[in-house]
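If you're matching them up, the sequences are chains L and W in order. The opening residue of the first sequence carries number 585 in this note's numbering; numbering runs sequentially from there. The opening residue of the second sequence carries number 585 in this note's numbering; numbering runs sequentially from there.
The hints are simulated quantities; they were obtained by calculation from the structure and are not laboratory data. Some hints here could point you the wrong way.
One copy or two, it doesn't matter: identical chains are merged, so the pair holds either way.
[What the hints assert, rightly or not] Only pairs whose alpha carbons sit at most 25 Å apart, straight line, appear in this in silico DSS-like list of lysine-lysine:
1. Lys641 <-> Lys978
2. Lys586 <-> Lys974
3. Lys924 <-> Lys771
4. Lys978 <-> Lys837
5. Lys727 <-> Lys586
6. Lys778 <-> Lys586
7. Lys606 <-> Lys924
8. Lys649 <-> Lys875
9. Lys974 <-> Lys910
10. Lys675 <-> Lys606
Listed here are the chains, written in short residue letters.
Protein chains: 2
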Amino acid sequence: MKINRHYLELQQSYLFTMIGRKVAEYQKAHPDNRVIRLGIGDVTLPLCPAVVEALEKASAEMGVKETFRGYGPEQGYDFLKEAIAGYYAEKGVELALDEIFVSDGAKSDVGNILDLFDADNTVLVPDPVYPVYVDTNTMAGRKVIFADANAENGFLPMPDESVDADIIYICSPNNPTGAVYNHAQLKAWVDYAKAHDAVILFDSAYECFVVDETLPRSIYEIEGAKEVAIEFCSFSKTAGFTGTRCGYTIVPKALVREGVALNGLWLRRQTTKFNGVPYIVQRGAAAVFSKEGRQQTMANIDYYRENAKILADTLDRLGIRYTGGKNSPYIWMECPSGMKSWEFFDYLLENAEVVGTPGAGFGENGEGYFRLTAFNDHENTREAAARIEKLLGK
Amino acid sequence: MKINRHYLELQQSYLFTMIGRKVAEYQKAHPDNRVIRLGIGDVTLPLCPAVVEALEKASAEMGVKETFRGYGPEQGYDFLKEAIAGYYAEKGVELALDEIFVSDGAKSDVGNILDLFDADNTVLVPDPVYPVYVDTNTMAGRKVIFADANAENGFLPMPDESVDADIIYICSPNNPTGAVYNHAQLKAWVDYAKAHDAVILFDSAYECFVVDETLPRSIYEIEGAKEVAIEFCSFSKTAGFTGTRCGYTIVPKALVREGVALNGLWLRRQTTKFNGVPYIVQRGAAAVFSKEGRQQTMANIDYYRENAKILADTLDRLGIRYTGGKNSPYIWMECPSGMKSWEFFDYLLENAEVVGTPGAGFGENGEGYFRLTAFNDHENTREAAARIEKLLGK
């Protein structure tokens with residue numbers, strides 16, 4: 585028996601382990617002090633009442649023979665796919681129901697989609713990056729190359745015609761940099777993909793944070809994108825579903841490679857290796873799109889946006905350069921005084937008792953940068969911002 | 585961009601499509617007649633009250649900031665893993681909590697586990713078989729060979745020392761044949777796997793139907809199995825979770841190949857390409873193991889067992905040979921009068937208005953056989969059995 589030896593090539597990530605250890609040691613040495621965490625990538629507000637009500641109602645239905653649901657369609661129930669199609673229609677994107685695949689989250693699908701591609705493809709990934717893009721390709725033995733995201737390009741790398749990539753990852757609004765591509769920039773990527781016969785894997789998990797109406801929230805707002813892109817989205821950040829698990833993937837029927845529609849391949853993959861999302865969870869997700877659900881989830885997003893604004897305003901006053909914070913829950917700041925990422929982490933922990941995430945943990949280009957998030961509560965965020973301002977404003 | 589061309593080698597399965605079409609045509613021609621379906625592979629009884637209560641309680645918790653849960657451990661919450669470990673302890677199997685991986689169902693894991701193995705492995709699959717075992721390996725380009733299950737071996741193929749297999753699928757109680765391996769037979773497979781450095785993928789999805797206490801319900805009841813086998817199980821048939829989605833996979837730490845522990849590889853796979861099962865669903869699954877949950881789910885399984893007995897007793901009286909029906913919800917019968925599978929399907933539909941599943945749809949060795957299931961209700965099962973007896977007893 586031969587194991588998949590590509591697993592042995594994976595890098596161990598010590599980022600969050602190391603953060604946890606450093607914070608624990610600091611707390612142990614200073615047991616009475618209050619450390620504030622702005623490193624959290626998870627939501628903290630509870631599910632909104634409309635969603636909870638739908639979950640409870642669906643749970644009760646499952647206990648009654650007449651309304652019980654067994655195996656559902658692997659691709660998701662129509663009631664949810666129709667709601668998702670309606671959400672896209674508001675962005676001016678028309679989708680057929682069989683172009684929408686309900687999943688247990690973007691993380692699963694971003695990894696599983698790779699089943700559809702040969703190992704012999706070159707994968708282009710931005711640096712810094714969400715580590716899962718690299719790891720899932722390493723596991724399959726694909727060649728991974730990087731596109732530099734840095735201060736010069738506003739952390740929005742543009743296509744390089746001299747580079748030949750087959751599979752391209754784009755995450756916008758970006759994790760970890762918070763940077764957001766505009767229409768013209770995404771159009772350049774769509775054109776590149778067309779010219780190079782490449783496929784774009786577009787991660788729009790943070791689209792709900794976009795407030796600037798001139799910025800695209802779906803790659804399909806770009807003409808021709810349906811012929812080159814698969815889009816992954818999720819209820820995790822939109823509606824606090826990080827522990828409730830529901831997302832969706834769009835595979836347009838116009839996306840054809842080597843004469844084969846990827847929509848049909850993905851349908852075959854999902855019907856063979858997946859059995860659908862719990863009926864209860866799909867009812868909860870559908871409630872996100874009800875009138876009450878929209879209002880309530882938007883109020884939660886506004887809450888996080890206000891946190892982002894508190895942090896962004898603080899950095900503005902300090903004259904520190906950053907991306908994100910406006911159309912993203914992430915603020916990607918330059919470490920002050922030329923400090924390195926981990927150096928600034930220690931400095932901030934020891935002198936302001938605030939925890940963030942060292943940018944170096946997301947790739948080489950992250951060195952010298954630091955990520956703050958908007959997912960803590962108002963009180964903590966305000967207090968952390970005040971401490972940062974006091975420390976760095978000296 | 586190169587697609588994974590192995591997808592083009594997949595056979596299209598027309599089994600359930602064809603059944604659906606034939607039944608629809610018959611119903612259209614005979615609109616007033618009542619066709620009874622004994623082809624159902626899905627449960628029909630609702631979730632038990634203990635589970636529904638847990639789902640509702642967890643849903644409510646998710647709406648309150650203090651009890652809200654975001655990202656959970658990808659491998660599942662300890663409260664559920666502890667309950668599963670307790671269930672195994674009753675079978676005499678000791679498991680460490682980090683050998684248990686909670687998943688969204690056995691179908692996902694049976695497919696996803698293949699990520700851990702090189703494409704260059706030979707896969708041994710019984711014939712007839714659950715089609716997913718073959719399709720998931722075809723997608724990855726692995727060589728698939730078959731072990732004949734037939735009347736001669738009681739649909740329980742035994743290892744052939746002259747065959748060199750690296751990955752071996754065993755499903756016991758079996759879908760579709762209902763046949764169950766005993767300890768000695770499973771021991772022979774464990775010994776074969778050891779001698780050939782193979783890994784057994786043991787699908788125990790129907791273990792809860794085993795009433796004969798001399799039969800194993802887990803492969804780990806066999807000495808040495810932890811060094812050769814991964815086990816997949818599910819709440820689908822145990823507690824009616826087919827639409828609620830929860831299962832678990834056991835990867836013992838003693839299972840090492842090429843010097844690498846598969847437990848660590850699977851942990852890496854799941855933490856990279858999966859984000860856990862909904863908290864709500866894990867609470868529902870844990871309730872299956874409560875005192876009330878055990879009583880209530882066992883009552884449901886007894887209900888299905890009674891259906892199986894009605895069908896088995898009918899076939900006994902008719903002198904028709906079959907496997908299953910006693911420790912399995914499936915009854916795998918020989919078609920009478922030497923009829924072929926589809927011939928008998930048509931005969932039964934037209935003359936008794938009963939629908940089953942042609943065995944030929946599960947593999948070459950299924951030709952001449954027919955699958956009945958115990959998942960309809962008592963009234964329909966009794967009526968169908970009476971119609972079958974009247975027709976075939978002539």
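Quiz item: Which of the stated hints cannot be reconciled with the structure, identified by number in ascending sequence?
Solution: 1, 2, 3, 4 and 10
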